[in-house]
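A.B. asks: Sequence:
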Amino acid sequence: MSSTNNLSAPVPSRQLSQGKNVPSNGNSNNAQLSNKPSDYVYFDRNTSGFSEEAMVRAKSAQLKLENYYKVSVDSAIERNSRRVELERRLQSESMMSEDRKNRQLLQLGKKESTFLRLRRTKLGLDDFRTVKVIGKGAFGEVRLVQKVDTGKIYAMKLLKKDEMLKKDQLAHVRAERDVLAESDSPWVVKLFYSFQDPSHLYLIMEFLPGGDLMTMLIKYDTFSEDVTRFYIAECVMAIEAVHKLGFIHRDIKPDNILIDKDGHVKLSDFGLSTGFHKQHDSSYYQRLLEQAGNPPSAAVAQSARNSVMVNSINLTMTNKDQIATWKANRRKLAYSTVGTPDYIAPEIFMQKGYGKECDWWSLGTIMFECLVGYPPFCSENTHETYQKILQWPNYLAFPDDVHLSPEAEDLIRRLIIGADRRLKVDQIKNHHFFYGVDWDTIRMIDAPFVPHLRSITDTSYFPTDDIDQGVDVPSDNSAAGKDLAFLGNTPSAPIVLGKAIMAQSSATLARAGLWTSLPSPLTDWVLEVIQSLGYEHMTPVQASTIPLFMKHKDVVVEAVTGSGKTLAFVIPVLERLIRRSNKLKKTEVGAIVISPTRELATQIHSVFSLFLSSQPSADVSGTPSPQHPPPLLLVSSDESSPAQDIERFLSTGADIIIGTPGRLDEFLHGKGAHVVNTKELEVLILDEADRLLDLGFQAVLNKIIKHLPKQRRTGLFSATMTDADALTELVRVGLRNPARVTVKVQTKRQKSGQGDALIEERRIPANLQNYFINCHASEKVLQLLRIIKHERNAKGSHQIIVYFSTCACVAYFYKILPIFASDINFYSLHGNLTPSTRTKTLEAFTTNIASPLSMSVLLATDVAARGLDIPHVDAIIQFDPPNDTKAFSHRCGRTARAGRSGTAWLLLCGREVEFPNFLSVRKIPIKERPLFGQDGNPISDEEPTGDDGTEDAAVNPALQKIRGFLQTDRALHDQSIKAFVSFVRAYSKHEASYIFRLKDLDLIGVAKSYGLLRLPKMPELKERDRTDWQDSDINASNLVNFIVDLMLILSQWNEFKYVDVQQETKRIAEVSKMDSEAREQAHKMRKESKKKNSAWSDKKDRKEERERRKEKKVQKKQWLKSQAASAQGVVEGKRQRDNISDVDGGEDDWDELAREERAAKRVKKGQISQADFDAEFGEL
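Under this note's numbering, think of the first position of the sequence shown as -17, with each following residue one higher.
It is worth saying that the hints were derived from the structure and are not from the lab.
One thing to keep in mind: the hints can contain errors.
As the list claims (entries may be wrong) - In silico PhoX-like pairs for lysine-lysine, Cα to Cα no more than 20 Å straight-line: (1) 1039 x 943; (2) 114 x 243; (3) 104 x 134; (4) 960 x 971; (5) 960 x 1004; (6) 104 x 83; (7) 1004 x 981; (8) 338 x 226; (9) 905 x 726; (10) 797 x 1039.
Whole structure, please, built from the sequences with the hints as guidance.
C.D. replies: In structure tokens:
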């Protein structure tokens, strides 16, 4: 046959009939066909009769078939190798039973079957729901999507085919897919699926919620060398992983370094990558080089650099304002068609051959930017940037105002250098800058920045506010040519499945409790949610509690804070409801969770919501799965009344109810008495059970429990469930034969001078460092600020909680502390705030992107002490010791959660230093630390510490600073008095009153710490020594004349105004009302003062005495005359006598009458006779 007769395209059916009896052109073929019957149909396989469109389609079909069978064969080989590898590993496990080995082989077979079903599933855009657009570029956009059937979250990269073909980007797309498909490295973003439609190519990739390194550089400008060391070290590992795959990235830049949920980095955007043995298109850089050789006009250069038209920048290395402009436009450059070439190695532009060394140049430029604040070769336009990079020895310079360590500068210079002299990966790892870095475990340590995520769809670390949320609608136009160009992007499942299975099989052999090791296996989608949260192993409390709950046991659980108690009851509640044989009706309740505070209830509700929102709509076979309604939250709120709670319950049909005792009581016995049905209740949970009892909810709990069926499972959970509490209250709350689960934390302490160690039990997390500081009462605010400074500078802390005893104290110090630390974000949380404000405050503190440069400090009462899971709190500070000693461990438990480390600080004064001994009895170890100096460092033994009774020299300046602030608004003064009085009253009611005695507390020092303008009038201050106290200058207490002093004081305080207009108007009205009373009181005081200060004289006194006696004699004469009057006159005389005062000699008359009255009483009592009385007083 001729060369034109080939099988490159199938022959249409119409040509079969037309090809009959067509002779062949070849002699050999004629010989072969001569033996054929006469009706044999001859084929002339000539393509000349086909249209160009038909040829394209034929070629497409051929390539698709070849690709399909190649993928199928490769998959079979990989599937077989996974089976062989697992069998080999199982044979080496001599301690494993045969049944267990067979179960693992069976499990592998099931996963392989699931994998094959996934491969046969044809995916399309309808299989994913768009949550939000998180990025847009010249060739498409990136969306956050959720797979409809499983609820899993992915990042979908949409690429426009026509734009990529127009810009000759086809090779780049193929390069990216090659890298992602072949990689199973933790340092590279995973590709899960890929597919296409006529207009777009879709890559379904792993969603990394922490944003990218560029976002962090825009926010923080520069990093410290320690932070830079961490990120550059992880980038070294990531680049090395790409090189081991046989690829060169060629486009390493901060935009392509993504941050995962744990704060570690992963590489993405492999569109410009090339392989050592793959031939991707490299003309991209040739075009850039040609543009560099022919300098374009300013307008053209600007347009080429940035399709979104960034303002022109005239950038030099010495102009800080222009560099700031470059930083301001950094985000726009990332979204441009060409982007920024600041990080590309010079050998790439030169087109003379290059290797993987070019990626290390890019890493050096990124390190330069992290430490200095901008790339080393940034310029006005791309042409100038290319020229600077090509002539790098003339332009690489370190600014004088940036001080780098010799090791950091040396590493940069050894990376930004000629390719032949550039460091290799092993030399980079051994460089002195990375001294102390453990390259094998770096991904296991805590990252300096960990994203605080509210949900699995949180996009707060992406600049979504600047992105148009309108999504591109795929076109329905046919584009066979485009499909052919993008062949190979058919629906696919993760290539890394096999190795993931092997890793899991290996992990089950470890002693740590995997979630898959539970006696009752978890539902698949529940397990997936747990794993998506990053929890690979169970905690001890979860491993102990969940099996008991699943075996129909009541439980009483006591475990330290942060040990995973919430999941320990959330998971069994879900599993029991999922495994019910009959679904609950719309008015039936399956589980109730009772919490002492609305914040804790809200948090528990969010955990249940996270799980239930991830339910798959159908299983892998396409069969619809039963859906469980979202949970219902019952707490006091501005947005929902008890009647609205019932409406929400009926509209959602919630199976799980979470709430506080009062609201649940109203729900069950009030508005919902005839609506809510609890006969099918499966589980009752009392979280922080001891706190429920302490807060006086006993009667309400009894009422709720009596309303519930007895055939239920009940669980009590707390961190401080003492033996007495639990045993005496078990019957009351209705537990039946409960199992007690106590998770203890034990530490080893070395005996002094001996080799063995003591095992000590502690009721706080093992990773918590617990300290106290003994200071003067007047120094507490200073020490608080210095501890915060120490935590930031020495430990890099970025989230701290400070606890106060009262709501008024929190509200007051929320106003005061910012005047000392304006660079810190303060938040206020206490019980006097409205429910909506408390929710917003807690959410803002939890989700704020905090760092040592921008700390977040939450000021709170014990409302934030229990149950709240704020996982990234680095330290807590107890400004006031808790009134309830059990609250101490709960406060400490807000840090060092889920295996993380943390620090707790306690400020004590005077006699309070006995409190640590009391805590040690409660198994809470605590160590003393020295006072902190003004620089935020502990004071050494040689420095004065104030132990001799002297105050810190900074106390008085701090006092004056606070007073100056208070005098700006009278409301602040009122708030300071309220806070001080509330603290004193709370202190007087402390449970450990033998330690915290009010009479031993230096209240004058406390007043100084609070910065009061003057002391309030309260009985606790009457007997206190005020030698060290002086009222603010607003008083005039040193004036001599009292009246003038009083008037001046009133005048000065009248001038002390409220900033709030309404408060000031009310105050003026009250002052004007009191003016008349004040004037009258002053007149009376002047009259008394004049009388008191007049000259004394005996003559004058005698004269006054004579006048008085004369007046009394006149009155006596009038009385004697009245004795002769009639009976009516006698009565009248007696009335007059009652009004006569003592006269000269009249005292005897009145004494006689008094004696007569006493004698009359004795007659009545029989003590004397009537005759004796008449004889004595007959004449009267």
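A.B. asks: Taking the hints in turn, state whether each one holds.
C.D. replies: Comparing the hints with the structure gives:
Between the alpha carbons of residue 1039 and residue 943 the distance comes to roughly 19 Å, so the proposed pair stays at or under 20 Å and holds. With a C-alpha separation of about 18 Å, the suggested pair residue 114 and residue 243 falls inside the 20 Å cut-off, and the hint holds. Between residue 104 and residue 134 the alpha-carbon distance is near 17 Å, which keeps this suggested pair within the 20 Å criterion. Of the pairs offered as hints, the one joining residue 960 and residue 971 holds, with about 17 Å between alpha carbons and a cut-off of 20 Å not exceeded.
Proximity of residue 960 to residue 1004 is assessed by CA-CA distance (about 18 Å); at most 20 Å being required, the pair is judged to hold. For the given pair, residue 104 sits about 34 Å from residue 83 by alpha-carbon distance, which is inconsistent with the 20 Å threshold. Among the hinted pairs, residue 1004 with residue 981 is consistent with the structure: their alpha-carbon atoms are about 12 Å apart, no more than 20 Å. Distance restraint check for residue 338 and residue 226: the Cα-Cα separation of roughly 10 Å lies within the 20 Å cut-off, and the hinted pair is therefore satisfied.
A hinted pair counts as satisfied when its Cα atoms are at most 20 Å apart, and residue 905 with residue 726 qualifies at roughly 11 Å. Restraint check: the Cα-Cα separation between residue 797 and residue 1039 comes to about 18 Å, which is no more than 20 Å; the hinted pair holds.
The structure does not agree with numbered hint 6 stated previously, though it agrees with all others.
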